[in-house]
Amino acid sequence: MLRMRRKYVNLRAGALLGPAFVAAIAYVDPGNVAANITAGAKYGYLLVWVLVVANGIAVMVQYQSAKLGVVTGRTLPQTLGDRLPGKSRLAFWAQAEVVAGATDIAEVIGGAVALHLLFGLPLPLGGAIVGVISIALLTTANRRRQRQFETIIVGLLAVIVVGFLAGLVVSPPDAGGVLGGMVPRLDGAETVLLAASMLGATVMPHAIYLHSSLVVDRHGAPTTPHRIRKLLSATKVDVWVALVLAGIVNIALLVLAATSLYGHPGTESIEGAHDAVRDALGPVVAGAFAVGLLASGIASTSVGSYAGGAIMAGMLRKQFPMIVRRAVTLIPALIILAAGIDPTTALIVSQVVLSFGIPFAIIPLRRYTSDRALMGQFVDGPWLRWASVAAVVAVVVLNVALIGLTVTGSG
-19 MLRMRRKYVN LRAGALLGPA FVAAIAYVDP GNVAANITAG AKYGYLLVWV LVVANGIAVM
41 VQYQSAKLGV VTGRTLPQTL GDRLPGKSRL AFWAQAEVVA GATDIAEVIG GAVALHLLFG
101 LPLPLGGAIV GVISIALLTT ANRRRQRQFE TIIVGLLAVI VVGFLAGLVV SPPDAGGVLG
161 GMVPRLDGAE TVLLAASMLG ATVMPHAIYL HSSLVVDRHG APTTPHRIRK LLSATKVDVW
221 VALVLAGIVN IALLVLAATS LYGHPGTESI EGAHDAVRDA LGPVVAGAFA VGLLASGIAS
281 TSVGSYAGGA IMAGMLRKQF PMIVRRAVTL IPALIILAAG IDPTTALIVS QVVLSFGIPF
341 AIIPLRRYTS DRALMGQFVD GPWLRWASVA AVVAVVVLNV ALIGLTVTGS G
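Here the working numbering is used: the first residue of the sequence shown is -19, the next is one more, and so on.
Hint data in this document are derived by calculation from the structure and do not stem from the laboratory.
Because the structure is a prediction, the values reported are computed rather than measured.
One or more of the hints may lead you astray.
[Unchecked claim] Listed next, with one range per pair, are the computed distances between beta-carbon atoms:
# : residue 1 : residue 2 : range
1 : Val217    : Gly135    : 36 to 42 Å
2 : Val221    : Pro362    : 22 to 28 Å
3 : Gly156    : Gly135    : 34 to 40 Å
4 : Arg165    : Ile343    : 44 to 50 Å
5 : Val112    : Ala319    : 36 to 42 Å
Here a beta-carbon is modelled for each residue, glycine too, at the ideal position from N, C-alpha and C.
All chains, full assembly: derive it from the sequences and hints.
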C-alpha cells in the first residue's frame, strides 16, 4: 500500500512538470546553433565557459519567472503592465516586441536552412513551410489544450537532443580541451561579439516573459501556501531538468564544432558546418544534425509566437490571435531569406539583438521576486538576490563592451 501511494504521489508530481520544457525550447533554437558552431569552429573550446555561465543564469531566471507566476497568479508581462505608467509601458512593450521579432526571424531562418539541407528547397519556400507548420502547431497552444502543446514540444525537444548529440557519439571530445574552455577568458573583439551572441542565444528574454505565462496557464491562480510550496517544489525540478538538458545540447554543439570542425574552411555558416560534419563524420550524422535543426526551428518559432502573444496580452491588455500574429511576424524573416542575406550572419545578429533585451527582462524580474509585499513568505532569499545582481551586472557589462566595440569599429 505504501509503495502504491508513493507511486501515486510521484505520478501526481510528474503531472506538474512541463512548462519549463516549453521554455527550454528557446534555449536550443537555430540562433544557438549558429552562435555555438561559429564559436567552436573558430576558437575551439575557448568559449565553453560562456555557455556554462549563461546556462547558470538561465536556470536562475527561469525559476524566478515561474516562481512569480506560481506565487502571484500574474505573468511577468502582466506585472509590468500593472506597474508601469502609460508611456513607459508602451516603450517597454516595444523593446520586448523587437526582441520577440528577432527571435521569430532566427527560428524561421533556421528551419528554412534545415529544409534546404535536407531537401534542397529554396530558402524562402522553406521559411514559408516552417511558418505554416508553426501555425498548425499553435492551434494547440491554449489553456484547454496546453498539455497537448507541451507534449508536442517535448517530442520535438527529444528530436533536437538526438540530432545535435549524435556527432559526439561518433567523435568524442577532448576532455582536457573542454576543461580548459571552462577558464573565463576572451581573445579579441570578435570573441566579445560571439560571447554576446551566445549569451543572447542562451538567456532568452522572450522565454523569461513566457515562463510565468506558462505556469499561470497550467496551474491557474494560487490558492493556499501549501499548494504554492508544492508547485514551487515541482517547478524547481522542472526547471533544473529542462534547462540542464538544454545546456548540455548547447555545450555539445560548441564542443562538436571544436572537435570536428576547428580549422575547417567554410564553417562560418551553418551550411558549411553541415558539409564539414558530413565530410568528417558521415552522412548519417549530418542528416541527424539537419533534422535536429528543423525540429529546433519549428518548435522554437511556435514557442516564440506564444511568448509574443503573452507579452502583448500582459503589457497592452489586448489579445491578438497567435495564429494571425505568427502570419504577420513571418514576413520579415521571408524578406531576409528572399533578399539573399547570409542566413548564419542574420542568425548571429539576431542573437546579439536578444542579448540587449536581457537586462530589460531580468532587472524587473529580480525586483519583483525580491519584493516582500508582492511575494510574501515566498520572497527570494539572500543568496538568490545576490546571484541575480551578479547576473545583471555580467549581462550589462558584456553589452556595454559590445556597444563600445561596435562604435569604435573594433568588432
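Hints that the structure is at odds with (numbers, increasing): 1, 4 and 5
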